[in-house]
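Starting from the known structure of chain A, arrange chain B on it as the hints suggest.
As given, the protein sequences belong to chains A and B, one line each in that order. Just so we're aligned, residue -6 is where the first sequence starts under this note's numbering, counting upward by one. Just so we're aligned, residue -6 is where the second sequence starts under this note's numbering, counting upward by one.
You can trust all of the hints, since none of them are fake.
Think about it this way: if two alpha-carbon atoms lie no more than 25 Å apart in a straight line, the pair counts; the simulated DSS-like pairs of lysine-lysine are:
| no. | chain 1 | residue 1 | chain 2 | residue 2 |
| --- | --- | --- | --- | --- |
| 1 | A | -4 | B | 290 |
| 2 | A | 290 | B | 80 |
| 3 | B | 25 | A | 118 |
| 4 | A | 289 | A | 205 |
| 5 | B | 160 | B | 147 |
| 6 | A | 289 | B | 80 |
| 7 | A | 118 | B | 118 |
Heads up, incomplete: computed chain A residues facing chain B, CB under 7 Å, no partners named:
| no. | residue |
| --- | --- |
| 8 | 91 |
| 9 | 101 |
| 10 | 102 |
| 11 | 294 |
Read the hints as simulated data drawn from the structure, not as lab findings. Source: prediction; values computed, not measured. Yeah, the Cβ is synthetic: ideal placement off N, Cα and C, and Gly gets one too.
Number of protein chains: 2
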Amino acid sequence: MSKQLIFGHQNPDTDAIVAAMAFSYLENKLGKETEAVALGEPNDETKFVLDHFNAKAPRVITSAAAEVSQVMLVDHNEAQQSVADIKDVQVVAVVDHHRIANFETANPLFYRAEPVGCTSTILTKLYHENDVVIPKQLAGLMLSAIISDTLLLKSPTTTDDDRQAVKELAKLAGVDENQYGLEMLRAGTNVDDKSASELIDADAKSFTMAGKSVRVAQINTVDVNDIYKRQADFEAAITAANKAEGYDLFVLMVTNILDSDSDVLVVGGPTAPVEQAFSAKLTNKRIALPGVVSRKKQIVPQLTDAFNA
Amino acid sequence: MSKQLIFGHQNPDTDAIVAAMAFSYLENKLGKETEAVALGEPNDETKFVLDHFNAKAPRVITSAAAEVSQVMLVDHNEAQQSVADIKDVQVVAVVDHHRIANFETANPLFYRAEPVGCTSTILTKLYHENDVVIPKQLAGLMLSAIISDTLLLKSPTTTDDDRQAVKELAKLAGVDENQYGLEMLRAGTNVDDKSASELIDADAKSFTMAGKSVRVAQINTVDVNDIYKRQADFEAAITAANKAEGYDLFVLMVTNILDSDSDVLVVGGPTAPVEQAFSAKLTNKRIALPGVVSRKKQIVPQLTDAFNA
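Isolated chain A (complex conformation) (with noise of 0.2 Å):
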């Protein structure tokens, strides 16, 4: 059997990159020959992830079929969120906890979907299933995904499994997961020294809904008004991106970890589904959503439900 490659999402977030490197080192002790990659370079949070558990990034990959025939996806199935080249491999294993979509296969293939807080939950299960023992090392960056994609078990998508699964790793890994925690989704708020493009494309997944290409994107921060001091700098980079890459409709979804709440900036059309999806009006192209934190549990389905109404 030849080399298979593993990555996650574009535009990859925490549990994006070290899913990858979960999975890989998993199907290489079960007999696989696998290497983990990535569609992007790590963001600001990861990259401290990676600094602290002294990890290396995986390399960065534009295609897939100019190395493999076969590819496993973790974090991820939308084609439109994966390499540009998806089609011309074989998609023979999935790990994910996200919504199934746009996505299709010729053969029978491995697929592990939970409806939990992380993909890096499901792997310590399978972990478990396999009787692999989880180094230390990535004990520590499997944590770190968790606390990421849950804010540290804030998010609604949080899940007794995620919950015990963050128990499990944080002693493997010998950290405190609160303290730990916290430093690390601080270290991903760093906001001042970033352009309003690069911010919005940071952490941004493309959706088709009832025919409409529809982009969202989030941003962690502290305080909304690290970012809403530059509201007019967002307004422009959103409408040149919906200009570029054909996005009719942007959301973007800014998100204070720390209270659990996001005030969402809407750029684009039509807007009529998203006031619908959240029952609220849009005041100066903005909505406060109390409680919402997570895209792909309260912002997605009801924004899908609303342009399917």
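For chain B alone, coordinates are given in the frame of chain A:
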């Protein structure tokens, strides 16, 4: 949480019926309230199995949305193989061993697919992972499903997981898998007292390939001449089905379960992808395919590739 229905595909085979029963038993043990139902009456083989282990057939439904808002699928995922109103309910879990296609959700879900011979093999693993004991009767049913799907472990879809599950389930059920298995398979090959139109619909699945509606049916037999002595009848029945249901191409696999060969009858078009897929010319609308017994592994991917070429 309100009740959830669990069911396999249309034209249910033994695995479609049994996997629903096995997954429902497991989910209920884990605290859910589910009911196994079916999208059709059991076939001759499944009737033999249910009789042998003294089990009742699940009731047949034609609508899911009339009863519940959430469902779980086993042994299929493609919408055109599922309940007619699948779009009106939420799929919260899937356990399957087929390719993924024409399947989309708005929300994260539990999805467990493995490229093994039978859904009941995956369910055997799920029982272990959740520390739930498989009752004797259910073990007999699950054993039957694996024997059925893998033709007594002779299909190329068979994996070590299937072999291990058969050994374990046979012990739990207290039967000799070879003796029982052959008796069971023969019970499903009674073709003489059935009409051609019944037989082409008993184990048939629809696929969309490059925009064409392709129907692939399979009839198990111990002598292909039991079918081909009535070839004209079969061609007429298929032509009628193509017209009534809008199938472009109908591929009927007539499989000798003792020799593990198929002799395929092809009606409708285009036929060029069929000849290309199997590197053989149609003679009298038929192609002999030695060693071919698996629709999923030896027919559908090859046809899909040829259609997309």
